[in-house]
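**Q** Based on the sequences and whatever the hints tell you, model everything.
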Amino acid sequence: MKNLPMDLLRTFVTIKDLGGFTQAGEILGRSQPAISLQVKRLEELLDIQLFNRAGGLKLTEEGHLLYDYACKILAMNDAVVSRLAAPSVSGSVRLGTPNDFEVSFLPVLLSQFSRAYPDVTLDVTSDVSINLRDSYKKGSYDLVMSMDEYPKHCFAENDYIVESLSWIADPDFILNVSQPVPLVLYPQGCVYRKYITDALNQASIPWRVVYCSSSLLGIQSAIKAGLGISALVLNTIPEIFKSEQTFNDLPQLGKVTIGFNYDQHNLSPAATLLLDFLRRGLKQSQDYPTSLKMSREINNNFLSVR
1 MKNLPMDLLR TFVTIKDLGG FTQAGEILGR SQPAISLQVK RLEELLDIQL
51 FNRAGGLKLT EEGHLLYDYA CKILAMNDAV VSRLAAPSVS GSVRLGTPND
101 FEVSFLPVLL SQFSRAYPDV TLDVTSDVSI NLRDSYKKGS YDLVMSMDEY
151 PKHCFAENDY IVESLSWIAD PDFILNVSQP VPLVLYPQGC VYRKYITDAL
201 NQASIPWRVV YCSSSLLGIQ SAIKAGLGIS ALVLNTIPEI FKSEQTFNDL
251 PQLGKVTIGF NYDQHNLSPA ATLLLDFLRR GLKQSQDYPT SLKMSREINN
301 NFLSVR
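If you use this note's numbering, the sequence shown closes out at 306, no skipped numbers anywhere.
Derived by calculation from the structure, the hints in this document are not laboratory data.
Pair ranges (Cβ atoms, derived):
no., residue 1, residue 2, range
1, THR272, VAL177, 48 to 54 Å
2, SER82, ALA54, 38 to 44 Å
3, ALA203, GLU61, 45 to 51 Å
4, GLN112, VAL210, 34 to 40 Å
Result set (DMTMM-like, lysine to aspartate or glutamate): computed pairs, CA atoms no more than 25 Å apart in a straight line:
no., residue 1, residue 2
5, LYS255, ASP17
6, LYS224, ASP170
7, LYS255, ASP170
8, LYS137, GLU102
9, LYS283, ASP263
10, LYS224, GLU244
11, LYS40, GLU61
12, LYS2, GLU61
13, LYS40, GLU62
14, LYS72, GLU102
15, LYS255, ASP148
16, LYS255, ASP127
17, LYS72, GLU239
18, LYS224, GLU102
19, LYS242, GLU163
20, LYS255, GLU163
21, LYS40, GLU26
Here a beta-carbon is modelled for each residue, glycine too, at the ideal position from N, C-alpha and C.
**A** Laid out in structure tokens, this is it:
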């Protein structure tokens with residue numbers, strides 16, 4: 001039996017995720033020729049061609065098969081390394097997260113963290129960002145992941161990413177231009193709600209709230225039922241919804257920041273590990289195309305079982 005070198009598999013997966021040899025080299029700290037050589041070594045080892053290089057960098061049928069296996073192999077490798085190399089840390093961390101992320105890529109990250117640090121107990125609560133920050137100030141959380149306005153926001157440098165907002169609607173929903181825009185919104189104080197209503201007001205477009213809920217399930221179910229439209233950041237939108245940044249000529253909604261609220265001087269070792277873990281995961285969710293697919297699959301499964 002042949003042994004597949006882990007570094008070759010990681011290079012191959014990174015090329016596929018980022019869409020190019022040069023981009024993969026920048027992430028992995030290797031030159032483009034070195035990346036090409038690693039792919040060649042992997043192809044020679046397996047006696048297959050991984051990429052159709054004519055007309056773009058697309059995987060062959062064998063390449064798709066290897067990619068699926070390679071992702072699983074790397075995930076297992078990283079879990080083992082993290083578990084065995086991790087310092088012995090225990091304790092409990094109170095984490096607050098935005099409603100939208102409770103069924104996106106965040107559960108996957110938290111699952112990975114729990115496998116790497118099984119002695120750390122996570123107490124996770126989801127809410128509207130303004131409520132999360134208010135509760136954090138009162139001492140209810142050790143660490144909060146929240147959303148804020150862009151470019152004005154409350155996060156420290158390197159502690160946030162910037163994401164675009166997109167209108168979302170059920171694929172069969174038809175917007176009646178002769179009537180006020182029906183909106184499905186979170187309660188007052190939600191960043192999404194402010195962006196949506198401000199954009200419509202500035203465009204002199206009439207609107208009305210047809211459904212308001214602090215529950216992500218309630219928001220998504222109302223949209224799925226065709227009650228109205230709303231908006232989400234791109235990496236949390238379920239694939240079952242129609243997503244457009246200028247839905248039926250409605251104005252663009254701009255961007256928001258997603259980041260962390262914490263006190264570095266009062267973080268426990270467990271909370272510090274979780275912060276570093278989530279910080280890396282959040283940035284990867286923006287950089288890696290596969291994270292969008294992953295979050296959509298989780299969202300779709302969530303809605304289907306409900």
